[in-house]
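The primary structure of each chain is shown beneath.
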Amino acid sequence: MSRPILLEARNLRAHRGGAQVLDIPALDLRTGEVLALMGPNGAGKSTLMLALAGLLPLSGGSLRFKGATLDGRSEREAYRRRMTMVFQDPLLFDATVAQNIATGPKLRGVSAALRKPAVQAWAERLGIGHLLGRPARQLSGGEAQRTALARAFVLGPEILFLDEPFGALDAPAREGLLDDLGRILAETGSTAVLSTHDQGEAARLAHRLAVMKEGRLLQTGGLREVMNHPWDPFVAAFVGMETLLRGPATASGDGLLTLRPGRGGDAPEVVALGEAEPGQTVLVGIRPEHVTLALHSDKSSSARNTFPGRVVRVLPRGPFFKVELDCGFFLAAYVTAQSLAELELEPGAAIVASFKATAAHLIRREGLDAEV
Amino acid sequence: MDLIWEGLRKALELLLTLDPEVLRITLLSLEVSGAATLISLVIGLGVAIPVALNEFPGKRLVIALLNTGMGLPPVVVGLFVTVLLWRNGPLGFLEILYTPTAMILAQAVIASPIIAGISLSALQHLPPGLRLQILALGASRPQMVWLLLKEARLPLLAAVMAGFGGVISEVGASIMVGGNIKGQTRVLTTATVMETSKGNFEVAFALSLLLLVLAFTVNAVLTHLQQRNRPR
Numbered sequence: 035m036s037r038p039i040l041l042e043a044r045n046l047r048a049h050r051g052g053a054q055v056l057d058i059p060a061l062d063l064r065t066g067e068v069l070a071l072m073g074p075n076g077a078g079k080s081t082l083m084l085a086l087a088g089l090l091p092l093s094g095g096s097l098r099f100k101g102a103t104l105d106g107r108s109e110r111e112a113y114r115r116r117m118t119m120v121f122q123d124p125l126l127f128d129a130t131v132a133q134n135i136a137t138g139p140k141l142r143g144v145s146a147a148l149r150k151p152a153v154q155a156w157a158e159r160l161g162i163g164h165l166l167g168r169p170a171r172q173l174s175g176g177e178a179q180r181t182a183l184a185r186a187f188v189l190g191p192e193i194l195f196l197d198e199p200f201g202a203l204d205a206p207a208r209e210g211l212l213d214d215l216g217r218i219l220a221e222t223g224s225t226a227v228l229s230t231h232d233q234g235e236a237a238r239l240a241h242r243l244a245v246m247k248e249g250r251l252l253q254t255g256g257l258r259e260v261m262n263h264p265w266d267p268f269v270a271a272f273v274g275m276e277t278l279l280r281g282p283a284t285a286s287g288d289g290l291l292t293l294r295p296g297r298g299g300d301a302p303e304v305v306a307l308g309e310a311e312p313g314q315t316v317l318v319g320i321r322p323e324h325v326t327l328a329l330h331s332d333k334s335s336s337a338r339n340t341f342p343g344r345v346v347r348v349l350p351r352g353p354f355f356k357v358e359l360d361c362g363f364f365l366a367a368y369v370t371a372q373s374l375a376e377l378e379l380e381p382g383a384a385i386v387a388s389f390k391a392t393a394a395h396l397i398r399r400e401g402l403d404a405e406v
Numbered sequence: 550m551d552l553i554w555e556g557l558r559k560a561l562e563l564l565l566t567l568d569p570e571v572l573r574i575t576l577l578s579l580e581v582s583g584a585a586t587l588i589s590l591v592i593g594l595g596v597a598i599p600v601a602l603n604e605f606p607g608k609r610l611v612i613a614l615l616n617t618g619m620g621l622p623p624v625v626v627g628l629f630v631t632v633l634l635w636r637n638g639p640l641g642f643l644e645i646l647y648t649p650t651a652m653i654l655a656q657a658v659i660a661s662p663i664i665a666g667i668s669l670s671a672l673q674h675l676p677p678g679l680r681l682q683i684l685a686l687g688a689s690r691p692q693m694v695w696l697l698l699k700e701a702r703l704p705l706l707a708a709v710m711a712g713f714g715g716v717i718s719e720v721g722a723s724i725m726v727g728g729n730i731k732g733q734t735r736v737l738t739t740a741t742v743m744e745t746s747k748g749n750f751e752v753a754f755a756l757s758l759l760l761l762v763l764a765f766t767v768n769a770v771l772t773h774l775q776q777r778n779r780p781r
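Line order of the protein sequences matches chains B and C.
Anchor point for the first sequence: position 47 equals 81 in our numbering, and the numbering is continuous, going up by one each time.
Anchor point for the second sequence: position 218 equals 767 in our numbering, and the numbering is continuous, going up by one each time.
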């Protein structure tokens, strides 16, 4: 993607109560991309977002918008009129839906004649056209967040910051809004930064992913790249790579390696993407949606890794079920309710699990004497 | 009981015949307390806005002082303002002691902390993220303050009502700095005190009744303003 850089952050640092809460050496936002900031609560997602929006006093670093610095007060004020932000709390004014949506244009001195059609159009696009005269305090959570989004989109922001916009919504409201927001972001080609701790939200809306922990960026990259090639176990766990296998590499070549997971050496060998010195301890991750389960092994399958095993636990995971297996090593798989019934998956059941070598990703190589 | 009925009858008579002296006293009360309330609104917001929007060392002390100021005894204020305005006092050159201006000054001293204290608490009770949200919508700093005040309009009007209620009903400071001079600084409360001490209960009744009506009318207007656009 060779889109121009819109916002450029360098060496951003922020302190709160003497402690450093943000340390970002470099982060770029390109025109038209949706960047998702992921991380647990307290990872600094909101802090970074406020910093990028020019709304946080920084103890160091610089921001450039379209190549121009945002150091001065007047530059930051001008920048504030080219971006906008939606928070988890819709923070609506004690006024009608229409008055709320019209706030930004009104602050910019847009005449009522020009405001009205824009307010109407964005309310309709967000499915709240029928609520324009309704007082904001009477809205449901989903309607309120839709109003907040319309209030943001009506400004035609060059960057839209979305700070956990679905965090306070119930499941149906969240689903509907995710769909609509995804569609609108695509239709408008908006540049946006979204913070979330839900990998599903990130996967549905974002092009790029940045995983944060303790005010730092652990890994930044394309959505698939980070989801499939996390750099460390924390990122792996956070982007939903539920199986992590650690053990010595037994062979390597042609871009593939073989490892024997675990300490005892009695586990079956697993073939994974990546290279390592034989004997070197490696960490390999497998996403649960890449593991297929069957009652018998299928000889025609192209999967390099096929292991008989037993079901240890079955856990509901949204519309799917997560099946935890013992194949001589721990393995997690996602199945549908239908598969769960057909394969009679219950604790103790025998099963054959398989996944392609390309679904097992080398996360990192450790020393020869690393503790396993 | 006769005394009360006779008093009420006389009061109604004074009111219905629009006794010029009573009318003058009533208008002066409204003028003095209205002006004092307006001045206090400006001072009160002038203090409450920066205190609410900024973090600084000693902020809690300032808030504690404001809250203490909300209970300033009018006689204490009266004493200090009198001393300040006394002929050879620091502000004696102004020569405003025993004028309505001195009464406005004293009442503003009483009402300012009340309005500042309630306004401050109103602004502090707004959602903490609202300021950032307003800035993120592109507001300049004055626009942000205006939107915050608009959002806190209900408790802010309550602050105005409390301020006005505090000064229209006080007597200690007004009598000390105004002197209850007939035709010049006599207001409803000071006149009521005087008529009661003279035993003219029916006149005192009439004045008290007027005071109540006045306080009710002003608050009814403010309440109407407060609840006008309130979604139900």
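By construction, these hints were calculated from the structure, which means they are not laboratory data.
Values in this document were obtained by computation on a predicted structure and should not be read as measured data.
Yeah, the Cβ is synthetic: ideal placement off N, Cα and C, and Gly gets one too.
Just so you know, not all the hints are guaranteed correct.
What the hints assert, rightly or not - Calculated pairs, BS3-like style, for lysine-lysine (alpha carbon to alpha carbon, straight line, at most 30 Å):
1) 150(B) - 140(B)
2) 699(C) - 140(B)
3) 608(C) - 150(B)
4) 333(B) - 390(B)
5) 608(C) - 747(C)
6) 333(B) - 356(B)
Stated by the list, open to error - Examples of chain B residues toward chain C, derived with CB under 10 Å:
7) 89
8) 90
9) 93
10) 94
11) 119
12) 120
13) 123
14) 124
15) 127
16) 129
17) 189
18) 208
What the hints assert, rightly or not - Distance ranges between label pairs, derived from CB positions:
19) 202(B) - 639(C): 28 to 36 Å
20) 151(B) - 703(C): 26 to 34 Å
21) 691(C) - 75(B): 31 to 39 Å
22) 637(C) - 105(B): 39 to 47 Å
23) 248(B) - 703(C): 37 to 45 Å
24) 234(B) - 771(C): 47 to 55 Å
25) 576(C) - 151(B): 49 to 57 Å
26) 568(C) - 145(B): 36 to 44 Å
27) 690(C) - 348(B): 54 to 62 Å
28) 44(B) - 608(C): 32 to 40 Å
Hints and how they fare:
no. : hint                        : result
1   : 150(B) - 140(B)             : holds, 11 Å
2   : 699(C) - 140(B)             : holds, 14 Å
3   : 608(C) - 150(B)             : violated, 43 Å
4   : 333(B) - 390(B)             : holds, 14 Å
5   : 608(C) - 747(C)             : violated, 49 Å
6   : 333(B) - 356(B)             : holds, 25 Å
7   : 89                          : holds, 5 Å
8   : 90                          : holds, 9 Å
9   : 93                          : violated, 16 Å
10  : 94                          : violated, 20 Å
11  : 119                         : holds, 4 Å
12  : 120                         : holds, 8 Å
13  : 123                         : holds, 6 Å
14  : 124                         : holds, 9 Å
15  : 127                         : holds, 6 Å
16  : 129                         : holds, 8 Å
17  : 189                         : holds, 7 Å
18  : 208                         : violated, 20 Å
19  : 202(B) - 639(C): 28 to 36 Å : violated, 57 Å
20  : 151(B) - 703(C): 26 to 34 Å : holds, 32 Å
21  : 691(C) - 75(B): 31 to 39 Å  : holds, 35 Å
22  : 637(C) - 105(B): 39 to 47 Å : violated, 56 Å
23  : 248(B) - 703(C): 37 to 45 Å : holds, 42 Å
24  : 234(B) - 771(C): 47 to 55 Å : holds, 51 Å
25  : 576(C) - 151(B): 49 to 57 Å : holds, 51 Å
26  : 568(C) - 145(B): 36 to 44 Å : violated, 54 Å
27  : 690(C) - 348(B): 54 to 62 Å : holds, 57 Å
28  : 44(B) - 608(C): 32 to 40 Å  : holds, 34 Å
Of the numbered hints stated above, those contradicted by the structure are hints 3, 5, 9, 10, 18, 19, 22, 26, listed in ascending order.
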